[in-house]
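Kindly produce the complete structure, drawing on both the sequences and the hints.
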Amino acid sequence: MVEQEGFRRYVAHIVLWIGIAIVAFPVYVAIVASTQDNALIANGQMSLLPGGHFFEVYYQTIFVGTSGSTREPVANMMLNSLVMALLIAVGKIAISIISAYGIVYFRFPFRMPIFWIIFITLMLPVEVRIYPTYKIVADLHMLDSYAGLALPLIASATATLLFRQFFMTVPDELLEASRIDGAGPFRFFWDTLLPLSRTNMAALFVILFILGWNQYLWPLLITTRDDMQTIQIGIRKMMTTNDALTEWPIVMATAVLAMLPPVFVVVAMQKLFVRGLVETEK
Amino acid sequence: MANVTLRNVRKTYPGGFEAIKGVNVDVGDGQFCVLVGPSGCGKSTLLRMVAGLETVTGGEIDIGGRVVNQVEPADRDIAMVFQNYALYPHMSVFNNMAYGLRNRGMKEAEIKTRVGEAARVLELTSMLERKPRQLSGGQRQRVAMGRAIVRQPKVFLFDEPLSNLDAKLRIAMRVEIRKLQRRLSTTSIYVTHDQLEAMTLADILVVMNGGQVEQIGNPLAVYEKPATTFVASFIGAPPMNLMSIRADEIKSQLGSAGEAGILGIRPEDFVITDQTPSGGVALPLTVEAIERVGAETFIYGSRAQDEQRVAATPGELPPGEVIVRIPGSEAPPIGQKIRVAAVRAKLHLFSGDGRTRIEA
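Quick note, the sequences are listed as chains Z and F, same order. Position 264, counted from 1, in the first sequence is what this note's numbering calls 264; the numbers after and before it change by one each time, with no gaps. Just add 1000 to wherever you are in the second sequence, counting from 1, and you've got this note's numbering.
Treat the hints with caution; some may be incorrect.
With a Cα cut of at most 20 Å, we get these calculated SDA-like pairs of lysine to any residue [to be verified]:
hint : chain 1 : residue 1 : chain 2 : residue 2
1    : Z       : Lys237    : Z       : Val256
2    : F       : Lys1154   : Z       : Gly182
3    : F       : Lys1346   : F       : Leu1220
4    : F       : Lys1131   : Z       : Thr199
5    : F       : Lys1112   : F       : Glu1123
6    : F       : Lys1131   : Z       : Trp190
7    : F       : Lys1225   : F       : Glu1268
8    : F       : Lys1337   : F       : Ile1323
9    : F       : Lys1131   : Z       : Val274
10   : F       : Lys1131   : Z       : Pro171
11   : F       : Lys1107   : Z       : Gly182
12   : F       : Lys1131   : Z       : Val170
13   : Z       : Lys237    : Z       : Phe63
14   : Z       : Lys135    : Z       : Thr224
15   : F       : Lys1131   : Z       : Pro195
16   : F       : Lys1225   : F       : Ile1358
17   : Z       : Lys271    : F       : His1090
18   : F       : Lys1154   : F       : Gly1030
19   : F       : Lys1131   : Z       : Leu175
20   : F       : Lys1107   : Z       : Asp191
21   : F       : Lys1112   : F       : Ser1126
22   : F       : Lys1107   : Z       : Arg187
23   : F       : Lys1225   : F       : Ser1351
24   : F       : Lys1131   : F       : Arg1102
25   : F       : Lys1131   : Z       : Glu173
26   : F       : Lys1225   : F       : Val1025
27   : F       : Lys1131   : Z       : Leu194
28   : F       : Lys1131   : Z       : Leu272
29   : F       : Lys1131   : Z       : Asp191
30   : Z       : Lys271    : Z       : Asn200
31   : F       : Lys1154   : Z       : Arg179
32   : Z       : Lys237    : Z       : Ala255
33   : F       : Lys1168   : F       : Met1199
34   : F       : Lys1112   : Z       : Gly182
35   : Z       : Lys237    : Z       : Val64
36   : Z       : Lys237    : Z       : Asp227
Quick caveat, the hints were computed from the structure, so don't treat them as lab data. Given the structure is predicted, the values throughout are model-derived calculations rather than measurements.
This is how it looks when you write it as structure tokens:
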């Protein structure tokens, strides 16, 4: 990009800073509020400077939970969310890469109809098919289980299409060379296609992990037990208290904690993603 | 060590397109066979059928006395070098070469020895840990060769392996491939569209056109006695001059009886002279263009219509255009009228449809 001269450059920077401030301020408030005393917040006297209750608030949030009757430590919620997000991300990648492999590399009857059926499911997100899905999961006795949380969200047309497009760019000669080298379909998949798909898998993992982590409607329906709660549901439940004050520092601490895994995944995987882009070539 | 025999091999695609229309080739043990032809002539398809990457819809492919029509590529005991090398991008050079051996359950120690030996021969020893993308085109080409060598197969198959290299490297690698093949004396089938590569590499040259074999033979024999006008114009650069000739001209000029046909004369067989060699042909030309390449010079001449001894030219040449090759860089100026002649022994006669050679 061409460097701007003098005044215009400062304008650009000022605009950027304003943008950052707007985006970052709520996050800052959440962090500050999570270190304050609840009484101060309830009185509307919250300071914009960090308070002195950081350790006690976070200790209570992570290991004890709110003082309400159905308390649940956030550590457990995070574990639930983590298991669900990982199952969804890993499951989606595994299922879709295998089905894309089948569609691209094998000739079998009804190959194209099957491809179109997968394609059509793009138009049917969870929200649309939520009643039948709930019915099936309930009939299979998977309510309040990790399987029930993750399985219905695993099938993914988007990821299947993505891998299909990628496989179609892999030169046919690689498959032919593998055949001559004595690698069967499984070996070719494992030894050649999977390593070549590494960058695609990393990118998908980032997107799908965050998608899974932020699931709200489905966990809300499927979990009734407090110990199966995900963190997104937990935050919501903490905020609605019938007779007591909402414990804002704990709610805010939970929100901050809920942000951490996605941030971690993005930061960690971005490195792999970029490195993969540089290293691999078709 | 094995013969490769193709018996009436055919390939018809499901749509009805006939890519290979009955090919018979016999490659002896340790021989280097080159399939050459223009693009779309079916040479690559034929090679891929030998490799087992395309199904055979008719005839038999026999490798070392075993019909392999139904045998998987991995079990045919062949190794193939692809045009784009098809190296595994995520594997090191060592692993690229070792992959096929590992899949066959060979012991790690034996793999090390074989890859080490191949790397030494191909001067890749210092690059064994690198990835393909860190190599130059020529080095990748050598890795692809190495992958074929370590297998110690009965047959090497090459699918235009040099066409992705620049001209200089191509010549160097061509010599390398020939030396390597001689030393290993492994039966090889090599596909190319480059007639120069074909001439220099082949023990047996197979010229293909439109899914059929036009001529099989020793490269020099093919060059000296092309069986059809297609072979005549495809082998040799610049191509042979072809002109149609009437029956009475054959009689009066060449002193032999025959039907109307096509006369072919290679550019290098002309000399600039005022005499007409007995039984030979002389052509008056007007010099149209000159190409000097140093050691030799090409003269593009046109035959004046009224002076025409032979009628309009078929084939690739524009009507009336004749290419003459003379040694050195001395050439007549453009526009000058010259007279070129060729002796009887250097004339090629073909039937009117160009499909048969007439030995006079």
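In rising order, the numbers of the hints this structure does not comply with: none
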